[in-house]
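Residue numbers (the UniProt record's numbering), protein chains in the order written: chain A, 1 to 383; chain B, 1 to 383; chain C, 1 to 383; chain D, 1 to 383.
None of these hints come from the bench; they were simulated from the model.
One should not assume that every hint holds.
[Said to hold, decoys possible] To be clear about the criterion: a stretch of chain A counts as covered by chain D if any three or more of its residues have a C-beta under 8 Å from a C-beta of chain D, and this derived list gives those stretches:
| # | stretch |
| --- | --- |
| 1 | 226-237 |
| 2 | 259-266 |
| 3 | 367-379 |
[Stated by the list, open to error] Computed beta-carbon distance windows for the label pairs:
| # | chain 1 | residue 1 | chain 2 | residue 2 | range |
| --- | --- | --- | --- | --- | --- |
| 4 | B | Y305 | D | D3 | 52 to 60 Å |
| 5 | A | Y305 | C | E94 | 55 to 63 Å |
| 6 | A | G293 | D | D35 | 37 to 45 Å |
| 7 | C | K375 | B | A153 | 28 to 36 Å |
Cβ coordinates follow ideal geometry from the N, Cα and C atoms, glycine included.
There are 4 protein chains.
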Amino acid sequence: MGDRKRLRYGMVGGGLGAFIGAVHRRAIALEETADLVAACFSSREEKNKETGEFYGIAQDRLYSSYEEMAKAESAREDGIDFVSIVTPNATHYEVAKTFLEAGIHVACEKPLCFTIEQGEELEQIAKEKHLMFAVTYTYTGYAMVKLAKELVAAGEIGNIVNVNAEYLQDWLIDEIGGGNQTTTKMSVWRTDPAKSGISNCVGDIGTHIEDTVAYITGMHPKKVAAVLDNYGMDLDLNANILVEYDNGVHGVYSCSQVCAGHLNGLVVRIFGSEGSIEWVQEEPDYLKVTKKGQPDQIYHRGTGYITGMAAERNHIPSGHPEGLTFAFANIYHGFMKDVLECVNGHCPEKNGDYPTVSDGVAGVKFIHAVVDSSKNASVWTEV
Amino acid sequence: MGDRKRLRYGMVGGGLGAFIGAVHRRAIALEETADLVAACFSSREEKNKETGEFYGIAQDRLYSSYEEMAKAESAREDGIDFVSIVTPNATHYEVAKTFLEAGIHVACEKPLCFTIEQGEELEQIAKEKHLMFAVTYTYTGYAMVKLAKELVAAGEIGNIVNVNAEYLQDWLIDEIGGGNQTTTKMSVWRTDPAKSGISNCVGDIGTHIEDTVAYITGMHPKKVAAVLDNYGMDLDLNANILVEYDNGVHGVYSCSQVCAGHLNGLVVRIFGSEGSIEWVQEEPDYLKVTKKGQPDQIYHRGTGYITGMAAERNHIPSGHPEGLTFAFANIYHGFMKDVLECVNGHCPEKNGDYPTVSDGVAGVKFIHAVVDSSKNASVWTEV
Amino acid sequence: MGDRKRLRYGMVGGGLGAFIGAVHRRAIALEETADLVAACFSSREEKNKETGEFYGIAQDRLYSSYEEMAKAESAREDGIDFVSIVTPNATHYEVAKTFLEAGIHVACEKPLCFTIEQGEELEQIAKEKHLMFAVTYTYTGYAMVKLAKELVAAGEIGNIVNVNAEYLQDWLIDEIGGGNQTTTKMSVWRTDPAKSGISNCVGDIGTHIEDTVAYITGMHPKKVAAVLDNYGMDLDLNANILVEYDNGVHGVYSCSQVCAGHLNGLVVRIFGSEGSIEWVQEEPDYLKVTKKGQPDQIYHRGTGYITGMAAERNHIPSGHPEGLTFAFANIYHGFMKDVLECVNGHCPEKNGDYPTVSDGVAGVKFIHAVVDSSKNASVWTEV
Amino acid sequence: MGDRKRLRYGMVGGGLGAFIGAVHRRAIALEETADLVAACFSSREEKNKETGEFYGIAQDRLYSSYEEMAKAESAREDGIDFVSIVTPNATHYEVAKTFLEAGIHVACEKPLCFTIEQGEELEQIAKEKHLMFAVTYTYTGYAMVKLAKELVAAGEIGNIVNVNAEYLQDWLIDEIGGGNQTTTKMSVWRTDPAKSGISNCVGDIGTHIEDTVAYITGMHPKKVAAVLDNYGMDLDLNANILVEYDNGVHGVYSCSQVCAGHLNGLVVRIFGSEGSIEWVQEEPDYLKVTKKGQPDQIYHRGTGYITGMAAERNHIPSGHPEGLTFAFANIYHGFMKDVLECVNGHCPEKNGDYPTVSDGVAGVKFIHAVVDSSKNASVWTEV
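Could you put the whole structure together from the sequences, leaning on the hints where they help?
So this is what it looks like as structure tokens:
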């Protein structure tokens, strides 16, 4: 019998109507190589059943608890190869740990967990059990972000001397001053420490800046000096962060959820001694590259002059926007490729091109350092 | 037993590696409401088998010819509800006719067919048999195109007085002067009259302009005055077209496959007595709306101020690009909703929001009028 | 005594408050090489006197008629070297002819005149008398338009295969349907045949498209097929024009004064076999250049990689917008350089880099052909 | 005898070929209300003479030293009304002081001077002598910056909650690592503490951010936490600055001269509880305004919906870029209006709309606080 070509996966969370669960399912569907066969979509029995029926999950593989699911699936010969965890943030740690301990590969929404200790524990278990563990930091999945990484690695912009990145949104602007009656359930959730941990804005989107910059440049914050703004809420809605990387270079990150007119404004600009690159998430199929003393160049995804990873992860012809879901699919592509190799008996020594549990831990450390600095008069704080 | 909630569909064409087949499958997958259960992916047995295995099609529902498939599926109690036709253009007519005659709903890639007679015949059969028939003119599926349509209908820009639309690409630039050794297979195919009919550029992309403008404005070309450029090839690579609509308003369409730097540059601008709208396919989540004497307004998909069809067909939060595949999914959404109603015994009297066989016929008529005008010294030619 | 370094000039028209007179004066002032010493600013004595005093014109050189001015100035030893004509369009011909016959160099606002015969007569007189004659088609004065011309001439985009240019404005949108009570004096003037000649929109702005494209490409329309829209007014407010150049290449021009949101939207796109260029007047310091199969390039005015005419006519550092007045100044620069050479006794055999009376004549011919074609069912009409 | 309508001015610095002198002369020329009648263009006799001849300065008013000029002009009945100081930065203080003491109004290039004490002394003298003193912070002269100020003042964006501004250039990128052989004279000058004071980048461009934000918002930095990068040079080439304003709101400023592809990238974004505004210097005729929960709005200079100061300082029709020189002219407009009132005997009690010596002092204080913070481990430092 030859190697398997398709994977079986399960989902925890993601009942009908839940946003992020649909993103994960659709991203996996775009890859066309894995089938959803088991789930615990919701702790509410009715919702769980309704969703299971809609997706045609066999009754004996629709579970009322994730513990039960992990146990039963790991016992089956045709059990799931990996689980997608799309539950509320506060539960990621417990759910992920349970599946890892059951010997099942894990893809988990970000943030990985709330404390550095939790993150390092998950990292350790995955390592010991040789399990793949993806944390779905979406934006590194975009083809043009991959191109950016390769251009930097190839020395196209020389030595990096400056980083300027931001992630601006406006969906919590009504929380300014302590919130109001139009507050949505989601915004309540985001700004509740019990559900979001020690940070709202930095934890939700600031960490994407950190991850995307680290992916492109290979540079990690060594220390940060930050000022957070809560505007009367319990958690931060806005943050400005000075960064010093491990190589001594400085940068600045800004993230906010109160900037009117900015919807999902992740913008990453890397400046080097020989040139610069700029990527704007809202127009993700372009990359602006300027070599010192030359005209700006606008690279377009899917064209003949683009090679390497950005070309490999190209799905539709140039000029036809791929959008977020393909970026997500690219992350699953790398993860599922690794899982498939494990399933077929030759687990990779080195992870493929996707964010892993280690990146998740780095994110948690970053959040903690930023919050600590802000509480301590913005002094430089080690990450 | 209640109404069915999911559909079964089959595919003709779309073997592994074929571009447009994957787009259709992925678009349907994004909708999460239909399952691929039967297919004739390729006339080449090996390719057909390989693709069928990859997608887990049961052996008895993987057919070696579309005629056989139509016959067998229409005979099954659990036969397919609709077929997606993603074969080469020259075969659309025959395949579509076969499935219609077998009583199966049809979704067909554009162009619908080569002659006006063929198109009208298909239209007639579908009508007589009360079958749904979608022609997948992609661009009307975009949320912001739907918003444009609603703004125009609501009189937001007053009476339309001018239309300026273009669709510029550059992928056939090397055909100028008669082609060269780097000519790709696809370009050979596009510029071969046997495979592309009487027109290449107008047939492939000019017709999208016509369809998108008609969708937004409800205005149809009454006559055209056109000049086509072949640059030494058998078929056109470039076209400029003066248009007079049924209401006497004039417009101009330009389409080209030799405009360096333009990848998939469909741009539609509608000018009215009270304002204007502009939509650019390469940045599809925006719509520029200018009311007379006021600042330009940039609408963003997915925001709270967007209502109606554009809000209903919103899939991911504002600021996260949806991309082409969701536009395609939106077309299937409308079509599949109609099909599901038919399946459940209450066929709609009026089609939902997607391009139908009638739009496909309009496209064929437009192509013929444009080609005729160009051959006849650009005189005004009735559509 | 050495050569003169400064010029003396006079102005006809341009009383205080008149827009275009100020543009000419300021453009000349930016050049810092000519002094305004004589004028007939207005036929209204009070206005003439007030303006003369403001600008410190000597009383004996402030004239009540242009005929008197031409006569007196040509008789003085220190008479003006050239005259700037900024009177209403209907008078350009008479005024220009008068000064030419008095042996004075002429810079005249566009359009040069109303009939082809008038234009050719002016051209003939200037030629016979070896007088310089600039027609201030503004847009060829922009540095990046000069760069475009040089890139085309250097073969950077190969052989030109397609031209797509437009000039869209919205300031006459309220004239649709026959005008209304808010009609401004200027719009009344523009749409009155007695004051604007046979065309409003094509004459006012369409002719700029023609001139700018001709400047960049060296290609002149051989014939045109046009449709004009008057929307109930006596003259055109909108035009779409198919063009065939002398080398057989086709293009399309659109001009309009009823396109909401477009203020002064001159956009020129030239497509060649090896690449393309695009220039947008509202952001004039950039030039988009795309070589076939390469990323788009955005050239910025004033940078080190820009050489030739665009570098010579650079006034302020890159990144600091120069604006329209410098474009105008560049036109005067070329003209005044020629005039200064004449004054110093060595008139140039070939005109410098600015639009001359011959370009003015070409513009008048273009307008006539476009209007004729539109009146004659859009048939192709020789220019 | 009535009031005077024109002013007489003198210039110190600005010999032929000097960049900033030409900007000042041209800006004044655009205003058309003042005449250059006296100067000390250069300390080099030949250069001074040549420039004086070119501009037709009377021989007895072309001075070999600014001290002599101040003395002689203040003694003349027809002496200059104001002086424009366009000398190297290190001399501003001495020259300005000399003319103030001679009772002559002053317009001075920024930075005003090097030390806070110098600045406050100049401020004091001007105040005592009732002399007008403009410091030409260019960017507040732009019409759309004036509109921004008025929209903020009118409460259109609610209470300001966040500021994000940057000024990125790339012209000193070759200084990274200590400079190299292609170093230009200007860059040597900029990075020499003797000629530039304690800061290069913050002093040259960071101070423009501070001034422009203060102009728009009325908010002044109370303290700053900054990190400067010298990259091996004596002075800073890059800076990231956390800001706390007097009202407790936070912001972030970034300035750099090593960001490839950024030419003169001043971008100011002000975020309020009800909306936001964004202004980009390289496209200065636009202002992006987003009200909470509404589409973005793009305001265009010169349109009918723009009123107030932005409309008053409009020079050419909408859609025709005005550029930097008009912004500069607007500053001189306000200053010269005040000077003219003084000249006519009714000095204004409150300065008009232009940056004064007080703004110059604020700039010097800002620079000092930023440099101090950076030297002191980025701790928050009072301005």
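Now the hints, each set against the structure:
1. Under the rule that three or more residues need a Cβ within less than 8 Å of chain D, the assignment of the stretch 226-237 of chain A holds, with 3 such residues.
2. Under a criterion of three residues with beta carbons nearer than 8 Å to beta carbons of chain D, the stated coverage of the stretch 259-266 of chain A is upheld, 4 such residues being counted.
3. A count of 3 residues in the stretch 367-379 of chain A with a Cβ less than 8 Å from any Cβ of chain D is obtained; the coverage claim is therefore met, three being the minimum.
4. At about 53 Å, the CB distance of Y305 (chain B) to D3 (chain D) agrees with the hint of 52 to 60 Å.
5. Between Y305 (chain A) and E94 (chain C), the C-beta spacing of about 58 Å keeps the proposed range 55 to 63 Å intact.
6. Between G293 (chain A) and D35 (chain D), the C-beta spacing of about 41 Å keeps the proposed range 37 to 45 Å intact.
7. For the pair K375 (chain C) and A153 (chain B), the beta carbons lie near 35 Å from each other, so the given range of 28 to 36 Å is met.
Of the hints listed earlier, there is not a single one the structure fails to meet.
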